[in-house]
Structure formats: C-alpha cells, structure tokens
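Protein chains in written order, with the working numbering: chain A, 1 to 251; chain B, 1 to 301.
Just so you know, these hints were derived from the structure itself, not from any lab.
For every residue, glycine included, the Cβ atom is placed at its ideal position computed from N, Cα and C.
Careful: at least some of the hints might be erroneous.
Stated by the list, open to error - Quick look at which bits of chain B chain A covers, simulated, 3 or more residues with Cβ under 8 angstroms:
1. 134–143
2. 287–296
To be verified - Under the rule of at most 35 angstroms between Cα atoms (straight-line distance), these lysine-lysine pairs were calculated in the DSBU-like manner:
3. K21(B) with K248(A)
4. K128(B) with K21(B)
5. K77(B) with K161(A)
6. K82(A) with K222(B)
Chain residues, written in single-letter form:
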Amino acid sequence: MDGFRTLFYKELLRFWKVGIQTVAAPVMTALLYLLIFSHALKGRVEVFEGVSYTSFLIPGLVMMSVLQNAFANTSSSMIQSKITGNIVFVLLPPIRPLTLYTGYVLASVVRGLVVGLGVFLVTMAFFETHFEHPLWALVFALLGSAILGTLGLIGGIWADKFDQIAAFQNFVIMPLTFLSGVFYSVYSLPAFWQALSHLNPFFYMVDGFRFGFFGQSDVSPWLSLGIVGVAWLVVAGVALQMLRSGYKLRA
Amino acid sequence: MPVAIDIDSVTKRYGALQALKGVSLQIEEGEFFALLGPNGAGKTTLISIIAGLARASSGSVKVMGHDVVGDYRQARKLLGVVPQELVFDPFFSVRETLQISSGYYGVKNNDRWIDEILDGLGLASKSKANMRALSGGMKRRVLVAQALVHRPPVIVLDEPTAGVDVELRQSLWAFIQRLNDAGHTIVLTTHYLEEAQALCERVAMLKSGRIVALDRTANLLKRFAAGALVLTLSAAPLPESLQQRVLPGPPDDARLRLNIDSYEEVEGILATLREAGCSIDEMEIAHTDLEDVFLNVMNEA
C-alpha cells in the first residue's frame, strides 16, 4: 500500500474499531433530537409549504451529524496522536503534506457520511421523508464533511491539549452549526439575525443540503455551492500550509 | 568511506534557548556510532533534525547525500528512527502496526520481512496482541521493528534501552549488532556508557549544544588516563611525593586512588610506598572506562 491508502485505511479502522462510540452513538443522539423537537414543535411551524416540521428537521439533523462527526474524526485523531506521541509514525515516513491532508480528511468524510446515512435510514423508518435531488444532497454532504474534516485537522494541529480542542468545538463549531438553520429556516428570524446567518458558511451547507431533500431552500443551491466550495478551498489551503510548514508538528 | 549522515554547522534555537550551537559531524557508512551527553545536551534535538521531526535554525543535514529538508522524501526512505518516547497506537495489534508502518513507506507485500523482524526481535508470539497489552520492553521492540520495516541503510536509535531490563537490553543489542554486521549504519544515544564502550567504534560527546569530544572510542579511552592504582594502606600515611596523584573516588569507597598514566609507573609508586614504611593491605589496578572519559570531558568542557 502507498502512504495515502495506508493513512486512509488506518483512519477508517481507527473509528470503525470503536463504532459504537463513533457511529451508533451519534445516530442515537440525532434520533433523540428529532423525537424531542418534533414532539415539542409539532403543528406549530410550517417552514416550507406542505412540509411538516419533522420532515423539515430531518435533513438538518442528518447534516448536523455529518458535520459534527467529520470534525470529530480528524480533530480527535490528531490531538490523540499528538498527546500520546504516536504522531511521529506519520511524521517520520516520506509522506507528502497533500497526502497527509487527503488521508485524514477523506476518512473524516467517510465517517460523516456513514453517520449521516445512519441517521437518515433510521429516521426514514419512523418518519415521512422527501428526497427530491439526491445528487445535490450528496454534493453538500461531501463538501460539508470535507470542510469540517479540514477544520478538525486544523483544530487538532493547533490545539496542545484536549481542553483547547473542546473549546474550538464548543465555541466555534457548535454555534456555527446550531445557528446555521439546522432546526429552523433563517427566514423565520428577525432581519438582523437573518443577515448575520448569511455570513455563516455553515448556513449554506445546511441550506444546500436541504434543497436536495425538498427542492426548496432559503437561497439558490448554486449560490450555496459557490460559497461552500470557496470555503473548502480556503480551509484546505490553510490546512495544507500548516502541514507544509510543520506548524506545531515539526518543532 | 561514503558518508551516511552529514551534519554541517547545525544550530537550533527554541525561543531564548540555543539547543544546538553549531554542530558539525560526519558519520560514515557502516559505522556504529554513539552520541553521548548529559540530559539537555542536545542529543534528541540533533536526532529530531536528522529525522525531520524538527528543523534546524541554520546549517544542513544530509542522509546519504539527500538533504533532510530539500529532498526529505529520499532522506526519510533511507532512515529508520527509533524514538525515545515509548509511543504506540492503542488501536492496533503488533502486526497491524508494522503493516501500517510499511504502507507509510510505500512498501508493498511486506509480510515476509515483517515475520523476519518479528522473529529477530522475539516478537513472533505477540504479533496478534494489541499494543496496549504489551509490556514496556515489548513496546520498545515494536518501535525498533517499525524503524526497520522499509529496510533503511541508516538506523538512528534515541536511547533504545532506557527503562529496558537487562535481558532484553542484551538481546536488543545483539540484534542491532547483527544489523551493523550486515552493513547498516547505526547511530545511537544512550545513558549507559558501558554499552557505548562495548558496541560503538566512534563516539561524539555533546554538552550544551556543542560537540566537546569526537574520536574513536579506543582513542578516547587512551587519551584520558590509563587508569588508577587503588590501595588500602596501613602503618604509615601516604608520602608527600605521591599526594598529587590522588584521584577523587566514589563516595562509598574509602580506598585511595592514585593516577597512573601507564603500568610502568606502578613499580616506582610501590618503591616510594615501601621507603615511606607503608604496608599495602589491598591493591588493584582500575581501568579507565568511558564513564571516566565522559566525566573528564564534561568537567573540562
């Protein structure tokens, strides 16, 4: 095997060997969110015409699971390797920075998609689901998980302790995710918050993903695709530069 | 001889700390070379720079002619590094660990060589064991195995026997000696000076980021005193004329230690003692070992 395939395989194995924690648990969490929110808010809000709140909620929860798990995979792998010291196993061999990037991030994309698919399949069993444009949904799931996987890599490289990566997750990733319209349409918000939401790249990931389900969205999926695509290029550029310069990895 | 590792005026600064202050050193192909020095001398920093785990502030390092920064892919292929810390990935078994390491180096279908290394290091019975289940000594062996999966001609070991029991230490050295006999260049750091003395042809001593001694082990031993005459006297005190020969001894040893540069001097010392009326209750000749040399060099430097 070459460096890329080995790293990719190792990263897959790493989460798959603890699948209860990395796959089953997030599916369960998403399901609980769905049960509670759909029960509490049933009949009160209709975001898109003819779409129940529960149906509206499903793609948001699926995407949230995709994003959070993609982030968790790279960030936990990187910080654990740094703290236990076994990061040297990937730093000693002749692996290119681009290979490191794709190996880590692609595995996090797989984890995100596997969990997202799990959430979707379970919800499908209990609730009515729409799936208008699967390709759009897939494109946004791929790009969203690649962005979050990259952010996890950046956070994992930057953080020196678990404490810092937890802060990065709780004070940056979580607010951006929760305020991106996972649970609501941003058009239900006051104008100021609506405008603010449009500055959040996560909004476009969720909105574009939701378009794949209902063929309706707050903004055009093409606009979302453009913004999400650029966001990915930016974070990928930052991550690659960190890997190239050896920032916090090579003293 | 072609050069395996060429270290040229390497400095390394960590903030205010100057860890290496211009180290130049050439290690030839096929050598068994020791890097000695007290804690904080810069040994691990130097090894990290060779391995690409750290970057030199100035100067350059080449592994078999390949710059460790400019041509890092080739340099790292030629290098096997055993890190000092007992690191492992708790998710994998011994064999999986070695297969993954092989993959990182782009080595395909490596199972026969992995079996050979496992046998050589006494790990064959543990190949399916999870890394977490291994003792410290066993984990150390796996680290050595990982450094060898891509058959590197140059092998660097950073304190490979730290915290390893005597039996394992000996089998580890026997294995590394075999690698050296097979033509591998071996560079190691160790705190056990008797190991360096027994195994290494050449020694560099580092202190505060500088090389303070660099020579063949035999020459270093010769250079720093042939040895000491260790005595227990009675009847009369040590004559004045011999006072300048007195060497400091270990604190738990009250015997008298007299410096001798060669065995010929022993006769004269004994004659002087006889004339002074001393009687000798006990006598032995202590040989210089690398530890004496080391202490001498460190005190001088």
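So which of the earlier hints does this model not fit?
1, 2, 4, 6
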